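Listed below, chain by chain, are the residues.
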Amino acid sequence: MRRSVRIGAGAGFADDRIEPALAMAEAAAVDVLVFECLAERTIAREVLARRKDPDAGFNPFLRARMETVLKPCAQHGIRIVSNMGGANPVGAARATVEIAQAHGLGGVRCAAVTGDEVTRHIRDRPGLMLMESGEPVEAVLPDMVSANAYLGADAVIAGLRTGAEVVLTGRVADPSLFLGPAMHALGWCEHDLPRLAQGTVMGHLLECAAQLTGGCFADPLRPEKYVPGMDDIGAPIATIAADGSLEITKLPGTGGRLDRRTATEQLLYEVHDPAAYVTPDCVLDLSEVDLIETGPDRVAVTGARANPAPEMLKVLVAYADGFIGEGEVGYAGIGAVERARLAAQVVQDRLRRRGFAYDEMRVDLIGCTSLHGAASGASDPYEVRLRIAARTSDRKAAAAVGFEVRAMHVNGPTGGGGGSVPSVRDVMAIQSVLVPRHVVQIGVTVLGGAS
Amino acid sequence: MIRVHDLAHARAGDKGNTSNIVVVAYDADGWTRLERDLTAARVEATFAQLGAGAVTRYALPRLHALNFVIQDALSGGVARSLAIDPHGKSLSALLLTIELPDQETQEP
Numbered sequence: 016m017r018r019s020v021r022i023g024a025g026a027g028f029a030d031d032r033i034e035p036a037l038a039m040a041e042a043a044a045v046d047v048l049v050f051e052c053l054a055e056r057t058i059a060r061e062v063l064a065r066r067k068d069p070d071a072g073f074n075p076f077l078r079a080r081m082e083t084v085l086k087p088c089a090q091h092g093i094r095i096v097s098n099m100g101g102a103n104p105v106g107a108a109r110a111t112v113e114i115a116q117a118h119g120l121g122g123v124r125c126a127a128v129t130g131d132e133v134t135r136h137i138r139d140r141p142g143l144m145l146m147e148s149g150e151p152v153e154a155v156l157p158d159m160v161s162a163n164a165y166l167g168a169d170a171v172i173a174g175l176r177t178g179a180e181v182v183l184t185g186r187v188a189d190p191s192l193f194l195g196p197a198m199h200a201l202g203w204c205e206h207d208l209p210r211l212a213q214g215t216v217m218g219h220l221l222e223c224a225a226q227l228t229g230g231c232f233a234d235p236l237r238p239e240k241y242v243p244g245m246d247d248i249g250a251p252i253a254t255i256a257a258d259g260s261l262e263i264t265k266l267p268g269t270g271g272r273l274d275r276r277t278a279t280e281q282l283l284y285e286v287h288d289p290a291a292y293v294t295p296d297c298v299l300d301l302s303e304v305d306l307i308e309t310g311p312d313r314v315a316v317t318g319a320r321a322n323p324a325p326e327m328l329k330v331l332v333a334y335a336d337g338f339i340g341e342g343e344v345g346y347a348g349i350g351a352v353e354r355a356r357l358a359a360q361v362v363q364d365r366l367r368r369r370g371f372a373y374d375e376m377r378v379d380l381i382g383c384t385s386l387h388g389a390a391s392g393a394s395d396p397y398e399v400r401l402r403i404a405a406r407t408s409d410r411k412a413a414a415a416v417g418f419e420v421r422a423m424h425v426n427g428p429t430g431g432g433g434g435s436v437p438s439v440r441d442v443m444a445i446q447s448v449l450v451p452r453h454v455v456q457i458g459v460t461v462l463g464g465a466s
Numbered sequence: 231m232i233r234v235h236d237l238a239h240a241r242a243g244d245k246g247n248t249s250n251i252v253v254v255a256y257d258a259d260g261w262t263r264l265e266r267d268l269t270a271a272r273v274e275a276t277f278a279q280l281g282a283g284a285v286t287r288y289a290l291p292r293l294h295a296l297n298f299v300i301q302d303a304l305s306g307g308v309a310r311s312l313a314i315d316p317h318g319k320s321l322s323a324l325l326l327t328i329e330l331p332d333q334e335t336q337e338p
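Just so you know, the sequences run in chain order W and G.
Quick note: to get the working numbering, add 15 to the position in the first sequence (first position is 1).
Quick note: to get the working numbering, add 230 to the position in the second sequence (first position is 1).
Bound-form chain G, shown alone (with noise of 0.2 Å):
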């Protein structure tokens, strides 16, 4: 079992109601793995759980980074949240657990 976390390192940001979280490969081989296999979909399956929404994914090739834009990560935005972590700094530590799969399984 690999999770994010072994390939990569991450950063959340805020705007508004928006979370952006930047996941950086730390070597090539961990840019092809997460560039494949680290879908939107999986992010947004993950988020759900805190009541996200759609996940947008921009990929960096050049800087081997995937951006993702998580709408309604923030219970409400900065200003109105309840959460002790009104800014989502910490949902960079949610989206480094997220497991990928393993590569001997995948379609071809």
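Next up, chain W with everything else stripped away, as it sits in the complex (with noise of 0.2 Å):
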């Protein structure tokens, strides 16, 4: 066993930079790469991608990671871990290996990790009740989408030990992620709660990559918040030890910081009780944890504690849930707001007048009301865009909207201009549900080795 491993966030949501993990990478300066890229409502996407493309349905920017990261990760020793398979473990693995031969490394092996994926369990127990809105699951079963169990460490844990060294998953729980290769190589048993807490924190604070190494947080008016080289904030790196000592930095050479300020942040970035983030693999107590300066860009973390993991899974319930139609124009000089007020009532006035209803409408004024409505400050822009937004179960009113609004280069008040493409998209809803943890039956797949 290892006296202590070195994480890497190489990602921290689907759409994020990569250079930071291929800075990494070729500086050996992680024993495993962590690429953490599945929102909420992602599988769902992916679920929709793959009905139209048996090969498509994991993360768009798999392959242009593969291709940047594999070499030197595979020069270096490095192991990659990601749920960048998404509604496809398998084929993300297969298109790796695919890659990984292409670039002559022949020999790099694959582990693509299943089981998350419960719908079949979902459709047979019509009663299970649906957390958020207290409804039965049956009202949303004939247009589910996806149903996925956030997996735990364990799940990983079954990848690493085929000793590939890629291990693709669907749904993790992101803290997980990291979790799950901490324990591998320090030989952590799931029991240990201590240690399970430090490698939970660790996870958690990895988990969105650079929000902990100033990304999210430079604010020009406040020289404690200035963040330095923020065009190449570097990723962050954890060093945990077989005890569970815990220590986070970040690659030399690159911008951005990571100190006690930036760590607070992320601590408790999508928290609720920080004496109980449950987690698939325990229940993390943050109530007496301390981040303490150990050099520069270098946090010590102590104190995290944990309770055993809760006997059931959480699962997100994707489902199709209408449309979202919306349009945006600007205005600008003397009376702009005025005039995008009354382009936003004739844009409603013409809806109604066309016969359209929808579930709910929202008139924005980019540039006053846009990001905090009624609470926002008094102000007086100079130009200002007017942008609508529905949804509706009717994708012809969905539509509607942001044709009216680009109607308003010519049929509204004066002066209107910057017209939207006008768009619609379908609207993934997604609640929760618990399934006992033997719902789950994890499955893992290798390819590639071939030399």
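FYI, nobody ran anything at the bench for these hints, they're computed from the structure.
Note that this is a predicted model, so its numbers are computed, not measured.
Glycine is no exception: its CB is placed at the ideal position from the N, C-alpha and C atoms.
Fair warning: there could be bad hints in the mix.
Straight-line distance between alpha carbons at most 30 Å, and here's what the computed DSS-like set of lysine-lysine pairs gives [what the hints assert, rightly or not]:
id, chain 1, residue 1, chain 2, residue 2
1, G, Lys245, W, Lys329
2, G, Lys245, G, Lys319
3, G, Lys245, W, Lys86
4, W, Lys67, W, Lys411
5, W, Lys329, W, Lys67
6, W, Lys240, G, Lys319
7, W, Lys329, G, Lys319
Simulated restraints, written as ranges between beta carbons of each label pair [to be verified]:
id, chain 1, residue 1, chain 2, residue 2, range
8, G, Asp257, W, Gly268, 25 to 33 Å
9, W, Glu41, G, Asp257, 55 to 63 Å
10, W, Thr134, G, Asp259, 48 to 56 Å
Chain W stretches covered by chain G per the calculated footprint, using a threshold of three residues with CB under 8 Å from any CB of chain G [said to hold, decoys possible]:
id, region
11, 260–271
12, 303–313
Now that you have both chains on their own, put them together as the hints suggest.
Next up, the structure:
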């Protein structure tokens, strides 16, 4: 067993930058490179992509990422772990092996981890309660697109145990993607709560990559929030030891910053009760966590505690829920806001005249109230952009929204310009249900390795 | 007049229709002030203008941080929301605009 392992975050969301992962790999700065690329809705989108093309259904940037990092990772013995498998981990593994072979890396093996997909279980249990609406899942079954359980570190470990250089999963809880490699490398058991706590807090801190190292942080009005080298923010690296001691840092020579301030913002990111952050591996308690600066861009993390893992696993159920249509048009100069408001009224009147109705409609004045609504401070901008968006189960009604906004170029108040291309998108709604752990059967398929 | 922005920095995260905003004091004095005056009720009053509901506050004194969990703050949640910022990432900036009462007028 190792005494410690270095784990780097190569991506913090589906569309994240690619260069920081390459820099870490080329510098041989990590033992494991983790790409977290799966937001709540992503799998449903990928299910739809796979229905059109059986070989699709995984992260659209998987090929670009693998093209970039496979070679330096192979050279330095760096293993790759990612949930880029999305709705098709085996397809993702196949694509990865093809890229490896094209680069003369025929020995690279890729493990696809499956088992998160539980649509059949959900279909067979229409009485399961949706946690958000309190309705039985039956109500959304006809429109259900996907149902995937959040797997834990054990799913990642199952992939790593095959010895494959690359492990690709579907839905795995974000911190578990990082905890799994630590448990595997350091020989931790699944009941060792003090170590699981430290490994889970590590994963939680790293899962959004640059958000720990100066991303989402700079505020030009506050010198305390200066972020150097923002064009080249380095991704975070954790060094976690067999005893659970944990230090986080970033690649030397990169931009960004990592200190108590950036780490505190990320420690509580998307956390509700800090004493009970639920993951499939444990219930993390952050109450006594401390973040101690031990050097430039270097922070020791202490004091994480954990309670045993929950009995049930959370499943995200995604279902088609109508359409959102939207459009934008701009006004500037004297009376810009008044003309935008008049345009909004005309668009709404025309939609009504055409007989369309909407479940919900929203009018934004970008530059005044689009982000903070009625809580916005007073402003009298020189220019303003009108945005109208509406949700409906009728695709034609959705398409009419952007169409009528666009018509403001010729049929609206004076001086309206810069109309957007009308847009209609499918609404993919998400709710959660809980299922017993035994419903999930983890499977591993290893591809590649022909040298 | 002092605003939260003078004392602290903040980050917003989303889960379903719930926003959480962490507020971190720059120094110990700021922490004392925030812990006393930046109540859940004060945050709730500001976010009610967006149609948000109940606010729960968690304090982490060791880190000089407050975590506000704001129900129904995201226009139905990322998936169905018509908002231009469905994740509510910009809501941290709204929290930083909140004005705190003058210290002199505080009850003892």
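Here is what the structure says about each hint:
| no. | hint | result |
| --- | --- | --- |
| 1 | Lys245(G) - Lys329(W) | holds (13 Å) |
| 2 | Lys245(G) - Lys319(G) | holds (12 Å) |
| 3 | Lys245(G) - Lys86(W) | violated (37 Å) |
| 4 | Lys67(W) - Lys411(W) | holds (23 Å) |
| 5 | Lys329(W) - Lys67(W) | holds (28 Å) |
| 6 | Lys240(W) - Lys319(G) | holds (17 Å) |
| 7 | Lys329(W) - Lys319(G) | holds (24 Å) |
| 8 | Asp257(G) - Gly268(W): 25 to 33 Å | holds (31 Å) |
| 9 | Glu41(W) - Asp257(G): 55 to 63 Å | violated (39 Å) |
| 10 | Thr134(W) - Asp259(G): 48 to 56 Å | holds (55 Å) |
| 11 | 260–271 | violated (count 0) |
| 12 | 303–313 | holds (count 4) |
Consistency with the previously given hints fails for numbers 3, 9 and 11, ordered from lowest to highest.
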